[in-house]
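Peer 1: Residues per chain, in single letters:
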Amino acid sequence: MSDIVAPVAPPAPASNALRATLRAFNTNKASWIGLAIFLIVVAAAILAPLIAPHDPLDQDVLDRLKPPSAEHLLGTDYYGRDTFSRLLYGARVSLVIGIVSTLIAMAAGTLIGMLAGWRGGRFDTITMQIMDMLLAFPSLILGLIIVAMLGPSIENIIAAIALTSVPPFARIARAPTIAVKGRDFVEACRSLGFSDTRILSVHILPNIFPEILVMGSLWLANAIRTEASLAFIGLGLKPPTPTWGGMIREGFENILDSAWLAIAPGVAILIVIFALNLLGDGLRDAVDPKLKNEA
Amino acid sequence: MTAFLIRRIGFAFVTLFAVLTLVFVIVRIVPGDPAQVILGDQASREAIEAMHERLGLNKPIVTQYAEFLGNAVKGDWGVSMVSGRPVMAEVLNVLPWTIELTVVSLIIGVVLGVPLGVWAAVRRNRFFDYAARIASLLGLSFPAFVSAIILLFLFAIEVHWFPVISARSGSLAAWTQSITLPAINLGLISAAYITRVTRSAMLEVLSEDYVRTARAKGVPARSVVWRHALRNALIPIITVVGLYLSILIGNSVLTEIVFSRPGLGKLIVGALNQRDYTMLQGMMVIYTLAVVVVNLLVDIAYGFVDPRVKLG
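Sequence order for the protein chains is Z and L.
When we follow the working numbering, the leftmost residue of the first sequence carries the number 1, and every step to the right adds one.
When we follow the working numbering, the leftmost residue of the second sequence carries the number 1, and every step to the right adds one.
Please note that the accuracy of each hint is not assured.
[To be verified] Per label pair, the in silico range of CB-to-CB distance:
#  : chain 1 : residue 1 : chain 2 : residue 2 : range
1  : L       : R231      : Z       : P67       : 32 to 38 Å
2  : Z       : S201      : L       : E53       : 53 to 59 Å
3  : Z       : I40       : L       : P60       : 56 to 62 Å
4  : L       : R123      : Z       : A70       : 45 to 51 Å
5  : L       : L22       : Z       : P49       : 40 to 46 Å
6  : Z       : Y78       : L       : V25       : 37 to 43 Å
7  : L       : E46       : Z       : D257      : 48 to 54 Å
8  : Z       : G151      : L       : L22       : 16 to 22 Å
9  : Z       : S201      : L       : R227      : 45 to 51 Å
10 : L       : I300      : Z       : R119      : 55 to 61 Å
11 : L       : S171      : Z       : A70       : 33 to 39 Å
[As the list claims (entries may be wrong)] A few chain L residues that face chain Z, going by a derived Cβ cut-off under 7 Å, partial list only:
#  : residue
12 : L138
13 : S141
14 : F145
15 : L151
16 : F153
17 : S246
18 : L254
19 : G270
20 : I286
21 : Y287
22 : L289
[Said to hold, decoys possible] Every beta carbon over 12 Å from chain Z, so not counted as near; a handful from chain L, in silico:
#  : residue
23 : I61
24 : P96
25 : F142
26 : A144
27 : A174
28 : R212
29 : Q281
Simulated from the structure, these hints should not be mistaken for lab results.
Just so you know, these numbers come straight off a predicted model, no measurement behind them.
Glycine residues also receive a C-beta, built at the ideal position from the N, C-alpha and C atoms.
Produce the complete structure using the sequences and hints provided.
Peer 2: Below is the structure:
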């Protein structure tokens with residue numbers, strides 16, 4: 001699949017490509033809904049200290065495992081902590097880890113893909129084969145092993161998730177680079193004595209940027225899911241820091257009598273991922289109508 | 001076909017070799033002395049020396065590497081640091097559980113996903129298409145452990161249709177009882193992926209000239225869709241199902257944990273919690289082997305579906 005070179009539109013100024021994308025995006029209701037939900041979650045996470053009715057770490061042994069009520073919207077956990085407040089603070093962890101690791105993967109993957117496409121030859125073959133191997137290996141297992149070995153600190157979790165998300169960005173950056181490389185305007189740039197760095201960053205990057213952004217939103221969803229999965233397995237940030245995956249892990253122990261403890265954060269994760277997928281799906285249709293809804 | 005296969009098998013070996021090397025390096029750069037980890041902080045110097053001897057950690061690194069590769073090829077992956085049993089035996093012990101679960105859920109995924117995708121493509125931009133697209137997007141948004149917990153809560157706790165711990169075997173009834181919920185969980189998520197890729201592959205194919213030709217010469221609509229078009233859409237479907245396997249493996253780990261089902265997932269989590277390095281090494285090898293074998297099967301499937309691949 002990596003050998004398929006997609007036809008690339010003439011290298012219009014970046015602002016045009018972006019404007020066309022925005023216009024197409026405008027007409028897609030589902031992606032607006034996705035964007036709106038995601039922004040609400042981001043706002044809730046940022047404003048957590050203002051919105052949260054309780055301190056997320058405040059324990060109250062007399063109020064343990066209480067079902068949802070007016071005082072505790074989503075009930076309390078085993079230590080009597082307010083689930084709704086923990087959910088709000090947990091959003092911060094999910095979003096920070098998800099966004100930072102996706103940005104790192106985006107930057108690294110794009111750089112690798114563009115270099116591989118640009119330099120070609122053996123460098124290209126070897127790099128992309130490494131990417132294919134990385135892509136084929138179950139990312140959760142790889143993340144699990146890295147975090148387990150290095151310890152569940154925020155840096156290690158971000159590094160593990162970023163590493164497993166690099167290959168798709170490398171792939172998506174490579175094909176258009178190859179396609180653009182052979183075009184006359186690149187030849188012209190070269191004969192004008194422009195450096196490779198300048199050609200790549202000024203003349204090629206803007207053309208592939210919309211596609212990378214689409215991948216970014218889809219892989220952000222994936223990164224958030226991976227973080228939650230790691231935390232559920234027990235490789236999340238150490239308690240008492242609230243994380244969604246960690247809350248599900250703790251809630252799961254009381255599933256028989258207090259199911260909401262596991263289900264509330266589960267639904268929260270589902271909503272964020274679904275919103276990002278709606279957004280990414282709509283963006284993809286906008287960027288490349290031909291690729292409509294490819295999995 | 002033969003040349004093609006030989007090249008793919010060669011690539012598979014390179015991958016396997018690369019991963020084995022990576023495993024060897026990772027396990028050795030991990031902070032902390034494995035011998036110390038196994039024996040605990042109170043261990044005497046002599047005991048640690050003896051453990052080094054037993055694990056082969058006192059030999060030169062190159063010798064260790066050669067022995068590691070040699071043993072891996074022979075199927076000797078050492079003994080579990082925790083249980084003392086051979087890693088290979090422990091893995092083989094639970095492997096059937098995981099394979100069974102993966103195969104059954106893939107079948108559910110294909111049986112649901114392919115027809116849904118085809119129907120959605122045929123009814124493009126009509127109600128059924130929208131419903132299928134939203135449903136499949138929702139399906140692939142589910143973290144596997146969240147959907148598993150919801151299924152467990154609904155059908156094992158609220159309604160007692162299935163056991164909370166899915167580890168029964170022996171009779172067919174027990175087997176069905178214990179595999180149903182985990183397989184449905186993984187199967188529905190797989191179906192979501194397969195529906196999407198089938199739909200987009202079919203849309204691509206349905207606009208091709210040969211489909212129009214088939215229609216023009218009076219081939220029944222049903223036959224155009226299911227024989228002419230679907231057969232040509234199979235290549236991208238197989239590709240995605242192959243790639244999906246790596247996600248499925250991750251999801252099966254989470255599913256096995258929620259349903260307390262024996263399998264590789266429970267084994268690897270146990271090994272992680274107990275810092276059982278030899279077990280982890282063995283698990284990495286088995287996962288890589290699984291991925292390599294599936295990629296090979298996918299390549300072979302290409303050959304069956306599309307005779308042109310044989311020339312490649």
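Peer 1: Compare the structure with the hints numbered earlier in the document and write down the numbers of the violated ones, lowest to highest.
Peer 2: 1, 10, 11, 15, 19, 20, 22, 25, 26 and 29
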